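Novice: For reference, the chains in residue letters:
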Amino acid sequence: MRHHLLNAGLAVALIATAACSGKKKPLPDAPPPPAAVGTVPGGDTTGQGTTGVTDAPIGTSNTPGGVADFVAQSGSDRVLFGYDSYEIDDEGRGILGKQAEWLARYPNVRVTIEGHTDERGTREYNLALGDRRANAAKNFLAAQGVAASRITTISFGKEKPEADGSDDAAYSRNRRAVTVIASGAAR
Amino acid sequence: MRHIFLAALLAATPAAAVIRVDINSGIAQPLPIAVPAFATPAATSTAAGSTAALGAQVAQVIANDLGSSGLFRPIDPAAYTTTVTMADTTVPQYASWRTVAAQALVTGSVTANPDGGITLACYAYDVFAGQELARQGFVTTAANWRRAAHKCADLVYSRLTGESGYFDSRIVYVSETGPKTKRIKRLAVMDQDGAGHRFLTNGQSLVLTPRFAPNQQTITYMSFQGNRPRVWVYTIGSGTQEAVGDFPNMSFAPRFSPSGDNLIFSMAVGGNTDIYRLDLGSRKLTRLTTAPGIDTAPSYSPDGSRIVFESDRGGTQQLYTMGAGGDGQTRISFGSGRYATPVWSPRGDLVAFTKLGGGQFRIGVMKPDGGGERLLTNAYQDEGPTWSPNGRVVLFFRSLAGRAGTANLYSVDLSGQNERKLRTPLDGSDPAWSPLLP
Amino acid sequence: MTERQALLGAGVAHIALFAALSLGWASMERPPLFEEAVAVELLDVAPETRVTELPKPSMDAAPQETSAPPPAPEPEPAPPEPAPPEPAPTPDPVPKPQPPKPEPKPKPKPTPPKVAAAKPVPKPEKLDLAELSSLIDKSLPKAPKKVRDPQAFAKSIEISVPKAAKLDGRATASLAAAIRAQIAPCWNPPIGGSDVKKMTVVLAIQLTRDGRVVGQPTVVSQTGATGGNAGYAKAFADTAVRAVLRCAPLKLPADMYDAWKAFELNFDPSEMT
Numbered sequence: 001m002r003h004h005l006l007n008a009g010l011a012v013a014l015i016a017t018a019a020c021s022g023k024k025k026p027l028p029d030a031p032p033p034p035a036a037v038g039t040v041p042g043g044d045t046t047g048q049g050t051t052g053v054t055d056a057p058i059g060t061s062n063t064p065g066g067v068a069d070f071v072a073q074s075g076s077d078r079v080l081f082g083y084d085s086y087e088i089d090d091e092g093r094g095i096l097g098k099q100a101e102w103l104a105r106y107p108n109v110r111v112t113i114e115g116h117t118d119e120r121g122t123r124e125y126n127l128a129l130g131d132r133r134a135n136a137a138k139n140f141l142a143a144q145g146v147a148a149s150r151i152t153t154i155s156f157g158k159e160k161p162e163a164d165g166s167d168d169a170a171y172s173r174n175r176r177a178v179t180v181i182a183s184g185a186a187r
Numbered sequence: 188m189r190h191i192f193l194a195a196l197l198a199a200t201p202a203a204a205v206i207r208v209d210i211n212s213g214i215a216q217p218l219p220i221a222v223p224a225f226a227t228p229a230a231t232s233t234a235a236g237s238t239a240a241l242g243a244q245v246a247q248v249i250a251n252d253l254g255s256s257g258l259f260r261p262i263d264p265a266a267y268t269t270t271v272t273m274a275d276t277t278v279p280q281y282a283s284w285r286t287v288a289a290q291a292l293v294t295g296s297v298t299a300n301p302d303g304g305i306t307l308a309c310y311a312y313d314v315f316a317g318q319e320l321a322r323q324g325f326v327t328t329a330a331n332w333r334r335a336a337h338k339c340a341d342l343v344y345s346r347l348t349g350e351s352g353y354f355d356s357r358i359v360y361v362s363e364t365g366p367k368t369k370r371i372k373r374l375a376v377m378d379q380d381g382a383g384h385r386f387l388t389n390g391q392s393l394v395l396t397p398r399f400a401p402n403q404q405t406i407t408y409m410s411f412q413g414n415r416p417r418v419w420v421y422t423i424g425s426g427t428q429e430a431v432g433d434f435p436n437m438s439f440a441p442r443f444s445p446s447g448d449n450l451i452f453s454m455a456v457g458g459n460t461d462i463y464r465l466d467l468g469s470r471k472l473t474r475l476t477t478a479p480g481i482d483t484a485p486s487y488s489p490d491g492s493r494i495v496f497e498s499d500r501g502g503t504q505q506l507y508t509m510g511a512g513g514d515g516q517t518r519i520s521f522g523s524g525r526y527a528t529p530v531w532s533p534r535g536d537l538v539a540f541t542k543l544g545g546g547q548f549r550i551g552v553m554k555p556d557g558g559g560e561r562l563l564t565n566a567y568q569d570e571g572p573t574w575s576p577n578g579r580v581v582l583f584f585r586s587l588a589g590r591a592g593t594a595n596l597y598s599v600d601l602s603g604q605n606e607r608k609l610r611t612p613l614d615g616s617d618p619a620w621s622p623l624l625p
Numbered sequence: 626m627t628e629r630q631a632l633l634g635a636g637v638a639h640i641a642l643f644a645a646l647s648l649g650w651a652s653m654e655r656p657p658l659f660e661e662a663v664a665v666e667l668l669d670v671a672p673e674t675r676v677t678e679l680p681k682p683s684m685d686a687a688p689q690e691t692s693a694p695p696p697a698p699e700p701e702p703a704p705p706e707p708a709p710p711e712p713a714p715t716p717d718p719v720p721k722p723q724p725p726k727p728e729p730k731p732k733p734k735p736t737p738p739k740v741a742a743a744k745p746v747p748k749p750e751k752l753d754l755a756e757l758s759s760l761i762d763k764s765l766p767k768a769p770k771k772v773r774d775p776q777a778f779a780k781s782i783e784i785s786v787p788k789a790a791k792l793d794g795r796a797t798a799s800l801a802a803a804i805r806a807q808i809a810p811c812w813n814p815p816i817g818g819s820d821v822k823k824m825t826v827v828l829a830i831q832l833t834r835d836g837r838v839v840g841q842p843t844v845v846s847q848t849g850a851t852g853g854n855a856g857y858a859k860a861f862a863d864t865a866v867r868a869v870l871r872c873a874p875l876k877l878p879a880d881m882y883d884a885w886k887a888f889e890l891n892f893d894p895s896e897m898t
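Chains as they are written, first to last, in this note's numbering: chain R, 1 to 187; chain Z, 188 to 625; chain H, 626 to 898.
Since the hints were made in silico from the structure, they are not lab data. Note that the structure is a prediction, hence the values are computed from the model and not measured. Hints may contain errors.
[To be verified] In silico DSSO-like pairs for lysine-lysine, Cα to Cα no more than 30 Å straight-line:
#	chain 1	residue 1	chain 2	residue 2
1	Z	K554	H	K823
2	H	K876	Z	K554
3	H	K876	H	K859
4	H	K859	H	K823
One chain only, chain R, in its complex shape (with noise of 0.2 Å):
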């Protein structure tokens, strides 16, 4: 059973952080939500052009067990993919075994990782190929002990890409799944 990503709260933040600034990372502070269906006051919780982690310099406020904090500790949020694969590669490993790491000491976080991939794509088949991105991440991270149940993910396939250019450079950001801490973290 999947849960909420994101309550409705949440959501507000996320969207008021990213039209603020965009330079300050959401700080998730709502319990995970209940597994409820439909229960989207004010209509819609997917900021349309918005992904749950913006493009902040690490370490602004590191608190432990916050969402810096793991970042920092991980080495990244994100591991990256080659063309039309979902093959996690040395670094990508590296990144989700600290992930996992940092998980353990901080058992009541859950995440969510989205899976995306370049333009280069039909748009539903890069909807499962990015489903295939989280899948490979969060089968990592499991493997890893990270109970699974404390894991969703979801794909955006081609949707939101983080690199507007078509060049190699661009394709490879954008071929990413990322883990964004759902709920749980410290303030």
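Chains Z and H: place on chain R using the hints.
Specialist: For chains Z and H alone, kept in the frame of chain R given last:
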């Protein structure tokens, strides 16, 4: 060439035999057609303006429809040597239309009805034969005059080309705005010619891949509402939206069956994507594919007996067909590159697809058995074909490379000719053409 | 619904009205009323854009409850050890077998334009016999080079047509070429049609001495017409008739009138690209 002479020689039998001449070539060109302003028996005020003004607007809509097909060339009204009176609508001045080289003529009238509605009379003529080709009357509300005009255009198109028309139809698509990394997407619907544009969703949720139901009044699509990517249904008349099922996994790529009784779509479970059928009456869900890999982008044949879809089970995206129950899965695409987004033609004879290769996406068609592959377009990224209701025109979206990366809707006819950009208020992607409206 | 009914009712009422109006301005020879007028229903687009309903659970449809449950190949690897203290370079973390992804990058084939418009053949203003004769020469490459002198050519026809309509093969060929040269540029075949390659139509034409069409060309026979494409077959035949009417009057050698006062045209687009 040679055939003519052979035939002629053979036909040149002695004495009184009539010679027969083969004509094996011609000049395929848009048919010059005149569409003068429709007449009115008495200029009368209606909710959509005076019938006289409507007569001129109706003619413009019809001329624009016919011209957009690439099969007709509406003659500039400035060249007309006559206007059309009520009497002329049924007894045209053929000589006058011959002088402007019109080969076909559309006349008609707009009459106000006592209830505030209108009657639109529509006639088509062959100018050189001096013959009536077709006639039809349409009764509707004044506000609905455009649809009556489209129906008149469909009548003319169908009589002169022998194929069913497609002008009285709609397009649903995803309206796009904003930079590539923060794009806002909204469902929007418009008439086939771009008129009557309406946004259906407000842009708060990411929405993708709308498709019409056969009744044209319901649209299925994928929405990320609530950060739960799922298949939804939108009812145009009421404006209501609902998720079709509370599936725990991402469901996407929805399409209606030709009967409207079922939805088929993909569901991703732990990285494996298969195709499922949901019976909308019983809510029974049936899994149609089981192969490891990504099975998606399903599309029913017009008779509902088969499904074409894409799968990477063989290593790369390729097209497959299967029975409606998932039986007999067979690969049909074997060219170089990858094949995606197959869509079965409403005529049943072709499948349109997106072909990936050489850093490009292009639109192509092939027969349902995989033969006769032809590519229709050539650009950076042409994706997501959808058929006109008569199976003669393919609509798709074209994305530009680079930081802007804007997408727009384009159409091209089956021969690869007559490529046109559709005008939309903002950018657009994921078009889906409705069936002909009732 | 009530709106629709009202609309339909109004429609029926006003068909009658329209018929009455029509009679007023119609000419005698053509009854202007329609057998039936079509009521165009109004299709509403909701005035408001709104998310009115929350997603319905419809858990019945959830995959795990169906006869064909998704197999959930989700390999939930059992947590092997409690949280490794050191992110020791994990041996084999790839959770799934990776299908090979060879990415052939074929060079894009240029799309050949599928419909090459036939070269416009200018309709000859008038037919002269020299041209006719040169046509023969081009078309029959094996034929010995022939006279270009109109008089001589005419004479040759006289020779070969001693009394009545008895033409030899070459004269017939020249006549056929002359007819074809005038009709083909006027034929606008409906090439987009799905059945076009399989369809032909034969028209019978009668001409006056000055090349005008007597009455209308009539369809002698048609191939490729099936029950399912009657509309297309009709439109196809119409294009042939239109070609003849557009290009009439034909300019043909007067002294061969017996040979062309009545003839047939076989319109066959199968070899057009």
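Novice: Does each hint hold? Answer for all of them.
Specialist: Structure-based check of each hint:
1. Z:K554 - H:K823: The hint holds at about 17 Å.
2. H:K876 - Z:K554: Violated, at about 45 Å.
3. H:K876 - H:K859: The hint holds at about 28 Å.
4. H:K859 - H:K823: Roughly 14 Å separates the two Cα atoms, so the pair holds.
In the structure shown, a violation is registered for the earlier hint numbered 2 alone.
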